[in-house]
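Sequences are here, hints too, so could you generate the full structure?
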Amino acid sequence: MANNPSQLLPSELIDRCIGSKIWVIMKGDKELVGTLRGFDVYVNMVLEDVTEYEITAEGRRITKLDQILLNGNNIAILFLASVILILAIIWLHAVGPWWFS
Amino acid sequence: MSGTEKAGSGTTKTPADFLKSIRGRPVVVKLNSGVDYRGILACLDGYMNIAMEQTEEYVNGQLKNKYGDAFIRGNNVLYISTSKRTLAEGA
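Keeping their order, the protein sequence lines are chains A and B.
By numbering that gives the first Met the number 0, the letter at position 83 of the first sequence is numbered 82, and the numbering carries on one by one without gaps.
By numbering that gives the first Met the number 0, the letter at position 64 of the second sequence is numbered 63, and the numbering carries on one by one without gaps.
These are computed hints drawn from the structure, not numbers from a lab.
Honestly, I wouldn't trust all of these hints.
Estimated spans, in silico, between C-beta atoms of each pair [to be verified]:
1. A:9 - B:62: 38 to 44 angstroms
2. B:68 - A:91: 43 to 49 angstroms
3. A:11 - B:55: 38 to 44 angstroms
4. A:6 - B:55: 47 to 53 angstroms
5. A:6 - B:66: 46 to 52 angstroms
6. A:10 - B:62: 37 to 43 angstroms
7. A:40 - B:10: 16 to 22 angstroms
8. B:52 - A:93: 43 to 49 angstroms
9. A:10 - B:65: 37 to 43 angstroms
10. B:62 - A:86: 33 to 39 angstroms
11. B:66 - A:26: 27 to 33 angstroms
12. B:68 - A:63: 27 to 33 angstroms
13. A:18 - B:52: 32 to 38 angstroms
Every residue, glycine too, gets a C-beta built ideally from N, C-alpha and C.
Structure follows, in C-alpha cells:
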C-alpha cells in the first residue's frame, strides 16, 4: 500500500500543508486559522500567526496568537487555505447579518 | 520524531521543537474549558503536562486568581501559546 504512488497516507496529506495557511475546525464551536509549521503522530500541531474564532454567549470572539502548540485531541477537520476562500464566501452568505451589524 | 520532516524545509517546527523553545518563557495556556493561564513555563512533558510559575488565571479575559506555582494536567490543554504580544480580543 505505502509504495503505491497513488495512495496518499493521511499524514502525507498534512505534511504537504507545512508552510501553508490552514483552517482547523475543532470539536465544539471553535476554529483556528494559521500557518502550519509542523505536527507529530498525534496531529498535535505547531501553528504560526494564528487567528482563533470562538462562538460564545456574547457573540463571536477573535483572538490573535503568535505561535501555538495545538493539542490534537479535539481537532475535527483541516482545510487548506485554497479551500477556505470558497467556503468563506458560503460562510459570509450565511452570517451576513453579523457582517453588517 | 515522527518522520515527517521535509528535506531542506528550514521552516518546519515539530511540536517537540516548539516545546524545547518555550521553556522558561512567558506563555498562555488555554484549557478545553476556555480558561487561560498565563505565566512562566517552568517544565513540561510530551503529554502536555505543564508546571508554571507566576501564574495568572483569566476567565473570559478577566483576571480571577494568581498562583505562585501551578501544575496543569496535559489532557485539559487545548493549546500553549507564546505570549510575545498581548491578546487582542474583538467584541
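Tested hints:
{"no.": "1", "hint": "A:9 - B:62: 38 to 44 angstroms", "in the structure": "holds (41 angstroms)"}
{"no.": "2", "hint": "B:68 - A:91: 43 to 49 angstroms", "in the structure": "holds (46 angstroms)"}
{"no.": "3", "hint": "A:11 - B:55: 38 to 44 angstroms", "in the structure": "holds (41 angstroms)"}
{"no.": "4", "hint": "A:6 - B:55: 47 to 53 angstroms", "in the structure": "holds (49 angstroms)"}
{"no.": "5", "hint": "A:6 - B:66: 46 to 52 angstroms", "in the structure": "holds (50 angstroms)"}
{"no.": "6", "hint": "A:10 - B:62: 37 to 43 angstroms", "in the structure": "holds (40 angstroms)"}
{"no.": "7", "hint": "A:40 - B:10: 16 to 22 angstroms", "in the structure": "holds (20 angstroms)"}
{"no.": "8", "hint": "B:52 - A:93: 43 to 49 angstroms", "in the structure": "holds (44 angstroms)"}
{"no.": "9", "hint": "A:10 - B:65: 37 to 43 angstroms", "in the structure": "holds (41 angstroms)"}
{"no.": "10", "hint": "B:62 - A:86: 33 to 39 angstroms", "in the structure": "holds (36 angstroms)"}
{"no.": "11", "hint": "B:66 - A:26: 27 to 33 angstroms", "in the structure": "holds (28 angstroms)"}
{"no.": "12", "hint": "B:68 - A:63: 27 to 33 angstroms", "in the structure": "holds (28 angstroms)"}
{"no.": "13", "hint": "A:18 - B:52: 32 to 38 angstroms", "in the structure": "holds (34 angstroms)"}
Checked against the numbered hints above, the structure breaks none of them.
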